[in-house]
Amino acid sequence: VMDGRGYAYSILFIDNASNDRSPEILRGLASKDPKVKVILNNKNFGPGKSGAHGFFNTPGDAVIAMACDLQDPPEMIPQFLSHWENGEKLVLGKKTSSEESRGMFFVRELYYKMMNFFLPKEDQIDQITGFGLYDREVVSNMAKVFDPNPNFRYLISEMGYKPCYIEFVQPQRLHGV
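Numbering follows this note's numbering, in which position 89 of the sequence shown is assigned residue number 943; successive positions increment by one, without gaps.
Be careful, since some hints might not be right.
To be verified - Cross-link-like lysine-lysine pairs, in silico, BS3-like; alpha carbons within 27 Å at most:
hint, residue 1, residue 2
1, Lys903, Lys967
2, Lys889, Lys943
3, Lys903, Lys891
Hints were generated in silico from the structure; no laboratory data involved.
Predicted model, so just to flag it, every value in this text is computed and none were measured.
From just these sequences and the hints, can you work out the full model?
Set out below in structure tokens:
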């Protein structure tokens, strides 16, 4: 999705101590493509900590954050870039529905409702996972806030950034939990 867009970029994979062939596969990808970078954690730090580690230590004018299970559709990246090229500092994917089980979507919806109960209306974030494009200014300002377990969804609203949302239907996860 990035080829032909004229950007220098890299792809960073972070592995949380997988016990399958993931580290071997990732090393193979990195050895064949200099754009592919890999962090192999020696323990599972969870998606928040390991994602933040990569997010805050990635160079460039913008960072695109997404889960590698393909529930965050890579084909949305050109849309994110177009909005960023037009001046948006923060472009986020917003789930309108999901192909995952109804039970799981309901649990996630309940989580958002509970979290939003404690937030002012203007700061409420619903069905946002962190998938999106973050301008360097946003990344740098987020990095100034020390939080050992950052929750990007709420950190963004606490900092006053008004995201541009692009809606999508979340595909079903093919592998993993």
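The hints, checked one at a time:
1. Lys903 with Lys967: With a Cα-Cα distance of about 24 Å, the restraint between Lys903 and Lys967 holds, given a limit of 27 Å.
2. Lys889 with Lys943: Holds, because 24 Å separates the two Cα atoms, which is no more than 27 Å.
3. Lys903 with Lys891: Holds, at roughly 18 Å.
The structure fails none of the hints (numbered hints given earlier).
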